[in-house]
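Novice: As you go down the protein sequences, you meet chains A and B in turn. Last residue of the first sequence? That's 405 in the working numbering, and every number before it is there in order. Last residue of the second sequence? That's 1155 in the working numbering, and every number before it is there in order.
Fair warning: there could be bad hints in the mix.
[Claimed, not checked] Derived, one-sided and incomplete: chain A residues facing chain B with beta-carbon distance under 10 Å:
1) Thr54
2) Lys55
3) Glu163
4) Gly167
5) Thr175
6) Trp177
7) Ser181
8) Glu184
9) Thr201
10) Lys209
11) Leu210
12) Gly211
13) Arg321
14) Pro323
15) Arg324
Worth flagging that the hints you see were computed from the coordinates, not collected in a lab. Here the structure is a predicted model, which means the values were calculated and not measured. Note that the Cβ used here is the ideal one computed from N, Cα and C, for glycine as well.
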Amino acid sequence: MTGQIAIIGAGPSGCFLAQALLKSDPALQVDLIDRLPVPYGLVRYGVAADHQGTKAVSRQFARLFERQGARFFGNVSIGSDVTLDDLRGAYDAVVLAAGLSADRALAVPGGDLGGVFGAGKLTRALYEHPEAEALPQLGPRPLIVGNGNVAIDLLRLLAKTPEELEGSDLGHSPTDWLAASGIEEITITGRSPAAAAKFDTVMIKELGKLGGVTIRVLGAGETDDPQARKKLEALAALEEGEGPRRITFRFGLTPIAVEGDSRAEAVRFASDAGEEVLPCSSVLTAIGFDAPGDLPRDLLLAEESEGKLAEGLYATGWFRRGPRGTIPDNRADAKELAERILTEIAPDTTKTGAALLGALPDTTDYSGWSRIDNAETANPPPGRCRVKITTREDMLRLAREEETQ
Amino acid sequence: MNINVLYGTETGNAEMLAEDIAAELEANHEVTAINLSDFDPANFDADTLYLLVCSTYGDGELPASAQPFAEKLESEQPDLTGVHFGIFGMGDSEYEETFNGGPKTLAELMIARGASQLGDRIAHDASGTDMAEDIAFPWAEQIVGMADETIGQAA
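Chain B extracted, bound-state conformation:
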C-alpha cells in the first residue's frame, strides 16, 4: 500500500513521530513522511492512505507547518471525495481547554472537503506517562488494517 505520513509540527516532536511511524511501516508498505508545509492539497490521491500526525500550538491553534496547508484547503476547496486518512494528535493536557485543538481543526477541514476519516482521532498527551510511539504504532497498524479494506475500492 502507498502511505503518506503527513505531519504538522512546531517543535519537531510531531515530525520525529511521523518519521518513526514511516520507519515502522516501511517493511511492508511504500511509505513517505512529508511535512504538511511541503504538501499541496491538489496532490491527494484516492489510492494512497494518509496518516496525519499533528500537534497543537499556542491557544489551541494549528502548528506553524500545518497552517499554509489549512489555508489552501480553505481557499482552493479541493474535492477530497474518496481520499482516506487517519489522524493522530499530539497535545499537552496541561492546557486543558485547548487540548488537541490542532488535529481537531485539521480533521474537520479534511472531512469538510469530502475526505473519509478511518478510525478515531487518537491523542497523545505529552504530560502523560505514555511514549507517543507506544500509542501511535498500534494506531497506525490499525488504520492500515482498515485501509486494506477500503483503499482502491469504490467509495
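Bound-form chain A, shown alone:
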C-alpha cells in the first residue's frame, strides 16, 4: 500500500489524473467519486453527440477500472453524502476534478429573460443528463452569443438534418425535438473580430459538410497572422451552401442588453460602428462556465499554487484552470499534478479510505456502470450507437441488477 487517493469527479480530468498516478505507481489505491451514477462526465454529457471519435477516449478510462485497479464510486454527492473534510480524513490525498458545470450568466439587462438559455443547460438536455430540464422552445430564429467551440457545437447540432445525425448517440426525444424545431435562421455572434475568435479552425471546416444550410459570414475582416488567416479562410469557404436553413456569422459584437417583454425578442449589441439590435426568437449563451455552487470553489482555490490547495488537497482540470482547454490539455495538466502528488504523498496506514463510501446506501461501482453501458449499447436503433438511460432511478436499478439476482 503506497497511499490512498480520492478524486472527486470521474470526468476526463479526473480520469487522466488517475491514469497518470497509476502509471507511475500501480500500487496506489485510486478511487474516483462522481455525483452521477455513471462515470466520464463531460465525455458523456458535454462532448457533442455527433463527435463519437472524441468520446473514444473513454476506452482509456475504462481500462483504469478494468485493469489498473482504480475504483468507481458513483451517485455520491460531496456535501450531502460525504463532506470534503470526511474524505480528507479518510484518504492520504483528495483531488478536486469536479469541472465547471454552471453556465456563466449573460450579465446584461434582460439577461435573465425567458428565452435566454445557457449552452450547458441546453446541451445537458440534448444529451439526456439525468438532471437536465426539458428541452425548451427556441423558435424560428435562435441567436447564439459566443463563438468558442461550445457555441460551434451547438450551432452544428441545431443546423443538422436528421440524416446528418446518423452514427451519433443523440436520444430519441432530442432527435424528435430537433426535427420539429422549426429553426429557419441561426445567428452566431462573437465579441472579438473573426481573426481572434475562440473556435478552432477544424470546427469551422466541419460546418462545411452541412447539407441543409446557407451560411453567410459578415464582417470577418482581415489579418496578417498566418494562424488567424486559416480561420478566415475556413469561414470564407463556408459561403457555398444552398440549404433552406440560414446561418449568419457576426463578429465584433458585444451584447449590452436582451430586449423583450417577458421573453427575449432581440439582443442589443455595441460594436465599433455603434449600437445594433438583432431580432431573435431565443438567445443561447455560450460564454463560459462557472462552478455550480456545491463546492465553494473560490474559497478552495484561494491559496492554490500549481494544483495544490492545502496539505493533501489538490485540484485539476477545469475546476482548477477555468473553462478553457480541450480534453488533451487536461491530460497534460494531470501528468504534472500526478508527479507532484507522488512526491508529496505521505501514506498513513490508519486512514480508512473507501470504508467511508462503502457505508453509503446507493452508490454505484464500475460493474454497475458496465451493466448500464451494456444496456445502452446492446440494441441501439438504426443510425444510433447508444441509447442513454436517462433517469437516475433507472441507472441505479440497472446498476443493482446483478446484486439482487
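Given chain A's structure and the hints, the job is docking chain B onto it.
Specialist: The following block gives chain B in isolation, referenced to the frame of chain A:
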C-alpha cells in the same frame, strides 16, 4: 526481432494502442513502446523494426508528442537509409479534409530521410465501428512478417 513501437499521441489513445501492440508482439519478439517525445532520431537502428502509431490533432497536424521528433528530423537531417518502419494512423473521419494528416506527415518525413516504409499506411477511424486493435494487430503481424525478410539484409 527487435521492435520499437513509437507513438505520437495527444489524447493518449495512440499511446494505449502502441502499448497494446507491444504486448501483443512481446511473446515472440523484443518489443518496447516509446513515446516519440522521448525518442532521439539519432538512435534509429537498421537492425530494429519501427512500428509507428500516430494520431492527428487540430487542423490535420501532428499530435503534441510527435512534434519535437518531427522538428529534429528536419533540423538534424539524420540519414535513415536502411531503417525500416511501418505506420499506423489513428484519425477521425468527422474531420474529412484533414483525416490522418498527422501520420501522413510523419511517413513523409521518414521517407525523405531515406527510411523504407513497409506495407501501406493504415488508418483507423475513431468515428467508425472497428476497434483500433482489431485493425492494428493484424497490421503489426503483417509488417513483422515483411520485416522478417528485410531487416538485417543489405538494404
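Novice: If you check each hint against the structure, which ones fail?
Specialist: Of the numbered hints, 3, 5, 6, 7, 8, 11, 12, 13, 14 and 15 do not hold.
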